[in-house]
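Q: Chain by chain, the residues run as shown.
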Amino acid sequence: MQGFIVLLFINLLFLRRKPNFYFFIIIYMLFNSIEFLVFLPIVFLLYWFVFKPLKWQNLFVVVVSYIFYGWWDWRFLILMGFTTLCSFLSGLFLERYEGCRSKQKWISVSNITLNLLILCIFKYCNFFGENLALLCQSVGWEIDWVTLDILLPVGISFYTFQALSYTIDVYQHKIKPTHDIVAFFAFISFFPQLVAGPIERATNLLPQFSVKRNFSYEKAVDGMQQILWGLFKKMVVADNCAMAVNAIFSDYQAMSGPELLMGAIFFTFQIYGDFSGYSDIAIGTARLFGINLMRNFNYPYFSRDIAEFWRRWHISLTTWFRDYIYFPLGGSRCSKLKTMRNTLVIFLVSGFWHGANWTFICWGAYHALLFLPLLVLGMNRKYTDEVAKGRLLPSVKEFIQMLLTFFCVLIGWIIFRAENIHQAWDYIVRMITGFRFALPAHGKDPFIYIGILLVVEWLQRNKQFGLQIGTHGIFRYRTVRWVVYYVVFISTFLLAGQQEEFIYFQF
Amino acid sequence: MKRFLKYVAIFAVSLILLAAGTEYMLRQVPNSLAYKRHLLETHKGEVKNLIIGSSVANCGINPAYLWGSTYNVAISGEWFRFNQKLINRYIDDLPHLKRLVWGICFHSFWMDDNPDIDISSIVNHNIYMGISEGRNLLYDSELLSLGALSMRKWSKYYIRRKPTMHCDSLGVDHSYDLECRKREWLEEIPSMAYNQHKAMIEDKGKRLYRENVNRIHEIAALCHDRGITLFLVMPPVHPSYFELVNKEQLAMVRAAIKEVTERWDNVYSMEYFGDPRFADDDFYDGNHLSADKGGIKFTKILKHDIEVVSGFAESLN
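So the sequence lines, in the order shown, correspond to chains A and B. Residues 1 to 507, numbered by the numbering used here, are exactly what the first sequence covers, in order. Residues 508 to 824, numbered by the numbering used here, are exactly what the second sequence covers, in order.
Chain A with its partners taken away, still in its complex shape (with noise of 0.2 Å):
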């Protein structure tokens, strides 16, 4: 009966309806939108001029966010305004059960597991419904199984996550709990990284929300630059790049090797421009805000190894899942073999993070794949300093390393672009043996995008994004700034292909 009224609920509230009636609904405000263009400098006008006091400046925070977050569909706030209670109350219960570690941790695990039990039913429910069904086919079952059309939360993954981060680090003493509900909201639901990121941690962001913010003229300018920065990367390298790949990749029998090839560095530059670009826009408002977020990205594909990769990659995610399951897991402080196991079950679960398909899981298998070898030699820490440091050009073995790097990473892309393994698997096929000479048909302009973001980014590999010039050299000159500021905005806006969602929006 209570599993019955659980479902009826879902059916009401979250299942799809007709599509003319999502027309109106589903309108999300994209960082690259008009609407975001409006509501930044309202919202930064409000918090700094208006809602000066800190109490009433974290309420306008949550809910600003909530309006934010609410354009794409308000049923959802309900979901993440249930999540964000029920972290906030088990930080209070942490607290009034100290000293009685088994009830601490029977109220970590309730909270851990109605999270994730909120993040199965929406984003996995259907994948373990129809591989069961499956499987019981398999054996000679039939089960009738009735695939629910539950429209995924934007996000749920990030926010879910912040959440758990919160409880688990009330219950392991990293952080007290805290009893301001209004800073506590603003932490879970603030908008620059609500949707996708970076995933927050309490000890980071929590403390900022406690103390007055003051506004600094650097960070601002800092964060107007990575904002710019970002919408290059989104708005010229990703959805130039989304153009050829949904074209490469839905008509890829028909395709040359070649243009396969293509088809996986466009979508290897696609997924980089898009999340990356995402998370600069996150970090740099944020910045507007007198918030620093956490870096997510650190020029990834300039890895020397896969093991480099992984530590430049969704630097958030991975630090999280370091964090939270592979040191309680053990880590690396206990045998080879187990310590071998820890990493396939981080990678896998990274894989089923990004969604319930096989196509994610492989992926996280074919990463794990590569770095096992690494962990086995010992050599999965050999590069953590800058690849060519004071030098303008890589070495030849720096050269190859990254190129090789690349090549792996590339093929795993394909992997998680396709819509199953076989998909896949013949993609990659055709890809290599179907070498006949053809001049790709699908547009050559994301090349120059792709140069001109390798270039940028390999000249400022040192800093924390491509667009941090700083006012040294020949950027000491405010012209030389502004110029760079009009040519990247007018490109960005000109160059600019045709708009596509975030990809990480769907995790």
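In short, the hints are calculated from the structure, not lab data. Check each hint, because a few of them may be wrong.
[What the hints assert, rightly or not] 25 Å max Cα-Cα, derived SDA-like pairs, lysine to any residue:
{"#": "1", "chain 1": "B", "residue 1": "509", "chain 2": "A", "residue 2": "469"}
{"#": "2", "chain 1": "A", "residue 1": "52", "chain 2": "B", "residue 2": "512"}
{"#": "3", "chain 1": "B", "residue 1": "509", "chain 2": "A", "residue 2": "468"}
{"#": "4", "chain 1": "B", "residue 1": "513", "chain 2": "A", "residue 2": "34"}
{"#": "5", "chain 1": "B", "residue 1": "513", "chain 2": "A", "residue 2": "218"}
{"#": "6", "chain 1": "B", "residue 1": "509", "chain 2": "A", "residue 2": "36"}
{"#": "7", "chain 1": "B", "residue 1": "705", "chain 2": "A", "residue 2": "247"}
{"#": "8", "chain 1": "A", "residue 1": "176", "chain 2": "A", "residue 2": "322"}
{"#": "9", "chain 1": "A", "residue 1": "219", "chain 2": "B", "residue 2": "508"}
{"#": "10", "chain 1": "B", "residue 1": "705", "chain 2": "A", "residue 2": "419"}
Since the structure of chain A is already known, use the hints to place chain B on it.
A: Positioned in the frame of chain A, the structure of chain B alone reads:
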């Protein structure tokens, strides 16, 4: 804070001014849509015959070889939706209109105003023909909605000093003249035929097809109420293109036209799709006549046939 806001304001205002200036310059660039609107508005008191449709009519039907007071207001890539809106908008301003010649490109039955396909068409109709889709404020700005595309137009006219409009005084588009034809036009025919079949495959449930057939019915009804004769014309295509055309798709087009002509007594159909009288030099590409040769030849044939089928040759003059 003041310093930050000051610089952001200077940056934003300078960009807004730059954008406004560029938008103004873009509006001054001659283009066929604005020209055809101008044709309609300046001759509305005298128009007796009007040619509408897409590129096949734009280059293939030449008013100079038809009757007096005839103008070609067809536009390349025109969707039925816009043909309909154009007629709806102007029909009551054209008191002497007696004949509407609609040049139909067969794959137009599967085209419609999906912004993902062609925003430029929506934007250009909105700005230059006053035909609004009323769905996005951005469509009022060529620069903001078309971005790089609008800048290509800007540089073509202001930097490279190339013509951006090729229509003659009656509206025929001479960018389809033989001298503009690509060298590899024959080799491109197979892919052209294939691409135009793709639209039909993507039209699940024949939604677009049905909507477009209904649009023809609506125009036919509008003409019927005003005593206007409607000619649905399918101009010739190159023989190799004709061979590659999907037969099911062609059958659907023919069925649609038959459905309209059977229902409305003021509608005639004229099909030249596989007409063998046209040679290589009559074509600009697989499915377009050359405006300076094939278009003239075809118009003469069309004139004769219209006069025969409608039986009022004398009254046309």
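Q: Under the criterion that the straight-line Cα-Cα distance not exceed 25 Å, is the pair residue 509 of chain B, residue 469 of chain A satisfied?
A: holds, 22 Å
Q: Does the structure keep residue 509 of chain B and residue 468 of chain A at a Cα separation of 25 Å or less?
A: OK: residue 509 of chain B and residue 468 of chain A at ~22 Å, within 25 Å.
Q: Residue 513 of chain B and residue 34 of chain A were given as a pair; does the straight-line alpha-carbon distance stay at or below 25 Å?
A: holds, 22 Å
Q: Under the criterion that the straight-line Cα-Cα distance not exceed 25 Å, is the pair residue 705 of chain B, residue 419 of chain A satisfied?
A: holds, 21 Å
Q: Could you grab the alpha-carbon distance between residue 513 of chain B and residue 218 of chain A and see if it respects the 25 Å cut-off?
A: This hinted pair holds, its Cα atoms lying about 14 Å apart.
Q: Hinted pair, alpha-carbon criterion (25 Å max): residue 219 of chain A, residue 508 of chain B. Please report holds or violated.
A: holds, 11 Å
Q: Given the hint that residue 705 of chain B pairs with residue 247 of chain A, does the C-alpha gap stay at or below 25 Å?
A: holds, 13 Å
Q: Quickly compare the C-alpha distance for residue 509 of chain B and residue 36 of chain A to 25 Å and report which way the hint goes.
A: holds, 23 Å
Q: Below or equal to 25 Å on CA atoms is what counts here, so check residue 176 of chain A against residue 322 of chain A.
A: holds, 21 Å
Q: Check the hint pairing residue 52 of chain A with residue 512 of chain B against an upper bound of 25 Å on the C-alpha distance.
A: holds, 17 Å
Hint violations for this structure: none, all hints satisfied.
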